[in-house]
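**Student:** These protein sequences, in sequence, are chains A and B. So the first sequence is numbered by our numbering: it starts at 1 and just counts up by one. So the second sequence is numbered by our numbering: it starts at 1001 and just counts up by one.
Derived from the structure by calculation, the hints contain no laboratory data. Hints are supplied without guarantee of correctness; some may be wrong.
List time: in silico DSS-like cross-link candidates among lysine-lysine, alpha-carbon distance up to 25 angstroms [unchecked claim]:
| # | chain 1 | residue 1 | chain 2 | residue 2 |
| --- | --- | --- | --- | --- |
| 1 | A | Lys148 | A | Lys193 |
| 2 | B | Lys1277 | A | Lys218 |
| 3 | A | Lys150 | B | Lys1277 |
| 4 | B | Lys1209 | B | Lys1128 |
| 5 | B | Lys1146 | A | Lys211 |
| 6 | A | Lys218 | B | Lys1292 |
| 7 | A | Lys2 | A | Lys150 |
| 8 | A | Lys241 | B | Lys1146 |
| 9 | A | Lys218 | B | Lys1128 |
| 10 | B | Lys1143 | A | Lys211 |
| 11 | B | Lys1159 | B | Lys1182 |
| 12 | A | Lys222 | B | Lys1317 |
| 13 | B | Lys1182 | A | Lys222 |
| 14 | B | Lys1182 | A | Lys237 |
| 15 | B | Lys1182 | A | Lys141 |
| 16 | A | Lys211 | B | Lys1317 |
As the structure is a computational prediction, the values presented were derived from the model and not from experiment.
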Amino acid sequence: MKILVCISHVPDTTSKIAFVDSNTKFDTSGVQFIIGPYDDYALARAIELKETSGATVTVLNVGLIDTEPTIRKALAIGADDAIRVNAEPTDSLFVAAQIAEHAKGYDLILMGRESIDFNSGVVHAMVGEMLGIPSVSPVMKLDIEGTKAKMSKEIEGGKEQVEANLPLVAGCQEPIAEWKIPNMRGIMSARTKPLKVVEPKSTESSVVTQKFELPAPKGAVKMISADNVGELVTRLKTEAKVL
Amino acid sequence: MNILVFVETSEGKIRKTSLEAVAYAHGMGGTVTAIALGAADANELQAIGKYGASKILHAADTKLNEHVIQVYSSVLAKAMQDENADVLVLANSSLGTPVAAKVAIKTGASFASNVSELPNTSGGFVVKRSIYTGKAFAHVELKSPKKVIAIRKNAAELKETGSVGSVTNYVVTLNDADFNTKTISTEKATGEILLPEAEIVVSGGRGMKGPEHWGILLDLAKALHAATGCSKPVSDMGWRPHHEHVGQTGVKVAPQLYIAIGISGAIQHLAGVNSSKCIVVINKDADAPFFKAADYGIVGDAFDILPKLTAAVLAAK
Ligand SMILES: Cc1cc2nc3c(=O)[nH]c(=O)nc-3n(C[C@H](O)[C@H](O)[C@H](O)COP(=O)(O)OP(=O)(O)OC[C@H]3O[C@@H](n4cnc5c(N)ncnc54)[C@H](O)[C@@H]3O)c2cc1C
Ligand SMILES: Nc1ncnc2c1ncn2[C@@H]1O[C@H](COP(=O)(O)O)[C@@H](O)[C@H]1O
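Work out the full structure, taking the sequences as your base and the hints as a guide.
**Tutor:** What follows is the structure, given as structure tokens:
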């Protein structure tokens, strides 16, 4: 079985978000980049499938050269080889078109349920559409039986058991697998694993980001005494008007 | 401008976030047509008109009762064509978001999800969308003549316009090949208020000490007609079901009121609640980071405060 895992290169979840150039560019100073947390679940499940059924695992990222340490980390975790599409990931449709170009021939295409920078939650659906194969997300459990994938998918207020034939795209989330931490041997071998850089298929983007904006800052917290809980209810009614 | 709105049903009822999508479309101006797929209550369908849809299409084919994303996206792409729609609007959800993405590809439309405000059409068509898990916004221009927009909760105010819409039967031709996923079974809490749609959320963290103590939290939720949520460790340990987990890697909520009890306020948790209108934090540690993100705070023991708060809520009714 051939598995493709698509990983995004995103700011660490604890990062403070800021913009520069009059709010037109993300401020990378002091920001640590990681494999998207959901993509990390996808990768972990792929490695488990590799260990239990001898699959090969390729990771793919659409990004400029600065994403390579993140790709190497995925190789250290256990992926066999990697592809980097040398382009700035400007919007979901663009990213999906690049992934679809390289995703043919894989039995299973695993992604995260959403990236944590643009949070579109759609690249998997788009790639499925472009390749004419099923896509399921967010997947909390994924087992392969022959040519079929058996999945548990989260829906609002519950979950569904879903089946589909391979090839298939799945957007993953916990508890599909436990995040894996690279060990020393993995880190050493990652340095020499193949990382192929390919140029993007030109696709003009129909979505253009004009500027960014930060939310308005919050006012100071109003503290209420633990001996006077009733006051909270009064203030939620009359002051905040949320009750 | 012709706007088509996909309204999602749950047990025959129209989802509240879908009515917000109708209100959003009405706010854009133009002619609004709503479309519902699968079983839906007749009165509920009629009521969609009140939020500004002049026409309500209903495709009642029972094969649509199963939510197959590929099938829904084909039907909606065709409906956009039939209705000569320039824009498709729907609510972000586990069904709506992927359907929207596929419709965008089928129709060659520009696409944006997590849209939080009405578009600005003064120069082009620009929507504001939430990014970095609610930590920022992006203003994006949708350049194609056709557009597909998935909105988040509270993107439009839900108010009745006084208009009346007519319900028409919409006949669909379904393609067998589109049934490419099969739902074997569904486990769903019934009668519960759904977390992503709730106006009030009562959420508990590790400070609640164990699942056996959730009763006092559920009492408060019941008194407030609130949905219940939790922090990640709480669902990881199996104290509460996974779909209640709020935060960066869980559900993003946007209620009027979010009450956090025994939750420290880690940045990953805050990422899921920062769109709440009002945040109340109850924590025994005065230095808990959550207080910095709160509107109201009480320093104290949850086991002491929760019963008192529930009593105060009931007394104020
Ligand atoms: C990549 C990543 C993603 C993550 N995603 C999420 C996410 O989506 N959602 C999420 O919640 N977390 C997430 N986390 C975990 C997050 O970092 C925190 O570990 C977690 O939110 C802490 O949960 P907690 O506040 O319940 O527990 P704790 O941090 O243990 O806090 C418990 C709090 O309860 C208080 N307390 C104790 N006893 C009482 C009492 N009797 N009465 C009142 N207060 C009391 C304590 O003072 C403390 O503040 C993520 C972490 C990572 C690395
Ligand atoms: N630049 C990228 N390169 C490779 N995969 C990506 C990229 N951006 C997003 N993805 C994948 O698509 C999933 C959904 O992303 P999104 O639709 O942006 O929320 C992510 O979890 C990744 O698995």
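**Student:** Please go over all the hints and tell whether each is borne out by the structure.
**Tutor:** For each hint, the structure was consulted:
| no. | hint | result |
| --- | --- | --- |
| 1 | Lys148/A x Lys193/A | violated, 30 angstroms |
| 2 | Lys1277/B x Lys218/A | holds, 11 angstroms |
| 3 | Lys150/A x Lys1277/B | violated, 39 angstroms |
| 4 | Lys1209/B x Lys1128/B | violated, 40 angstroms |
| 5 | Lys1146/B x Lys211/A | holds, 22 angstroms |
| 6 | Lys218/A x Lys1292/B | holds, 9 angstroms |
| 7 | Lys2/A x Lys150/A | holds, 17 angstroms |
| 8 | Lys241/A x Lys1146/B | violated, 39 angstroms |
| 9 | Lys218/A x Lys1128/B | holds, 20 angstroms |
| 10 | Lys1143/B x Lys211/A | holds, 15 angstroms |
| 11 | Lys1159/B x Lys1182/B | violated, 37 angstroms |
| 12 | Lys222/A x Lys1317/B | holds, 23 angstroms |
| 13 | Lys1182/B x Lys222/A | violated, 51 angstroms |
| 14 | Lys1182/B x Lys237/A | violated, 47 angstroms |
| 15 | Lys1182/B x Lys141/A | holds, 15 angstroms |
| 16 | Lys211/A x Lys1317/B | violated, 46 angstroms |
Violated hints for the displayed structure, listed by number in ascending order: 1, 3, 4, 8, 11, 13, 14, 16.
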